[in-house]
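K.L.:
If you read the protein sequences in the order shown, they are chains G and L.
Okay, so the first sequence: first residue is 1 according to our numbering, each after it adds one.
Okay, so the second sequence: first residue is 1001 according to our numbering, each after it adds one.
Hints are computed from structural coordinates only; laboratory data are not their basis.
Every residue gets a Cβ at the ideal spot worked out from N, C-alpha and C, and that includes glycine.
Hints should not be assumed to be uniformly reliable.
Stated by the list, open to error - Dumping the calculated EDC-like pairs for lysine to aspartate or glutamate here, alpha-carbon to alpha-carbon at most 20 Å:
#1 K307/G / D1160/L
#2 K219/G / E80/G
#3 K1209/L / D1197/L
#4 K1267/L / E1245/L
#5 K221/G / E80/G
#6 K219/G / E1070/L
Stated by the list, open to error - Simulated DEER-style distance windows between Cβ atoms:
#7 L158/G / T1032/L: 45 to 53 Å
#8 H304/G / G1090/L: 48 to 56 Å
#9 H46/G / K1209/L: 55 to 63 Å
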Amino acid sequence: MTAGGDTTLGRSMAGSDTKGARGSVPAASVRQIDGVPLNDVAPPRHSGRWIALILLLVLAGQMAVAVAGNPNFHWHVFAEYLFHRNVLRGVLWTLGLTVAAMSVAVVLAIALVVMRDSDNPILRGLSWLWVWFFRGTPIYTQLLFWGLFAVLFPVLSLSIPFGPELLTIETKRVITAMTAAILGLAFNESAYLTEIFRAGFRAIDRGQTEAAQAIGIPKAKIWARILLPQAMRTIIPPTGNETIGMLKMTSLVLAIPFTLDLMFATNAIANRLYLPVPLLMVAGFWYLVITSVLMVGQHYLERHFGKGHDAGAGQRA
Amino acid sequence: MTVASLTHTATNASHAGSASVEITGVHKFFGTVHALRGIDLTIRPGEVCVAIGPSGSGKSTLLRCINQLETISAGRIHLNGELQGYTDSGGRLHQLSPRRIAAQRRRTGMVFQRFNLFPHMTALQNVMEGPVQVRRIPRARAREQARALLDRVGLGGLGDRYPNQISGGQQQRVAIARALAMEPEVMLFDEPTSALDPELVGEVLDVIKDLVRTGMTMMLVTHEIGFAREIADHLVFMDQGAIVEEGRPREMLSQPKNPRTQAFLSKVL
Ligand SMILES: Nc1ncnc2c1ncn2[C@@H]1O[C@H](COP(=O)(O)OP(=O)(O)OP(=O)(O)O)[C@@H](O)[C@H]1O
Ligand SMILES: [Mg+2]
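This is chain G alone, in the form it adopts within the complex:
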């Protein structure tokens, strides 16, 4: 982009800004509510914002030129493989693994938090141990073990101790690479989510539980109907973080080995072509797309659970 272009852009923008502000004065019909003419407030000028925007556009333009025109990026390869069958399959698997692992992790974490708060010291201890173990060991190591599970325990059997076996199955039928990937990711994640959820529940005033108890609501329903919906409000943003982290953590499932995810797919192509850069761009593009979709989901969840908090004082009569 040339210097001349910049100034033209800047001038035309500043011009339309002032014109807009001045032009609105005579045209404005004064808004009324219940016959009360509301104050006509001129929109504040944000010259700083416009300057920042222009600078950013210039920078972005220069970067775009530097990247787009650079032969080292092999854009034709990028375009060729962006919608390649294996890549799209990888996108679906990565998204699927993320959603499945997070769902299992959320359910586990809720159970672990309730256990942690239980009167029963055995449940409390189990919950504590679970978090300690799965947070305390590297995820990659855990995934390796999940991969070896079928080797370490070739058959799973349910039996009465020292008595007859009731049920025997081959491990590799139950713990496939996919279930190993999902459980491996989910168990690890549940430990982190438990701490997030615990913080969310702790932030709720004790009076909420007491008010519910005073009405005679049984304990399980207090968790489900009174505490969980309130905790969601504080739990969702960090859980959104974790979900996006999980999206990228799915690339570690090659430790199992599970080889259908996005990162594995693009790496395989890159190795075949000896062209890592365009395929890294392909992977990056799709990770961003999935992240954006997840963020939209988060936005709606936040709105749903913000009821009674964010809707707020504005509507107060």
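Starting from the known structure of chain G, fit chain L with the ligands onto it as the hints suggest.
P.N.:
Positioned in the frame of chain G, the structure of chain L with the ligands alone reads:
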């Protein structure tokens, strides 16, 4: 005042309750803190018992013990002759199951100093929650009943507001409606107006006065001595975890016998 529209026949939701409460030899320890020191108190059916006393004297703790939000360390509490929280087999107590305790709690309604409305539910949903989840009343009927109760406490039009969209006085009235929706046999109030701005106290007291007229058994903790004089059948003065003096409010407030009662009243009157 909107609350003037309250009538006793308006709903079937609240005349359910006139149980007796018998408290005998109740002690409560928080660790080594001796919060209640041998409380004996009988509240007769339909009686309005008001507890006053300095801060830390154990008034809230006593209410919370009646409602089993605290477990008692010694003594017995009976509601209409039924031992609360335990079964007694020859002096040894066996704790009731959580279900049974929840069922006993339903029979007492509690109104808290800080309202404790559920912030993620509208006023109407707050009132409906107990009837739907605990009494398993069909939603449509519970909603109708909740509307009638909100009308009773003068909040007919505010059912769809969330707690943060209404004033403190209105929140406390919703909390009273929420407790009444369970058709309790005894209502317990723990300083229901002390978190309110002065100009909002009156509307809540009016609702309580109206309840008094329905002949419900009540125990109320308050710092509003004038209000206590007006509604109480039975006034209790507590200090340092014990009941120091009790009797008819008029006599007790004008001629307190115990020097500690005298000292307290001279400060607050
Ligand atoms: N959960 C608790 N743990 C330890 N001590 C407690 C607890 N709850 C109450 N206490 C103590 O028990 C005593 C009685 O407290 P309580 O709240 O019943 O007083 P109160 O008469 O209601 O006072 P106020 O008028 O300030 O509300 C106080 O000494 C208080 O510090
Ligand atoms: Mg108190």
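K.L.:
For which of the previously enumerated hints does the structure constitute a violation, in increasing order of number?
P.N.:
Those not satisfied are hints 2 and 5.
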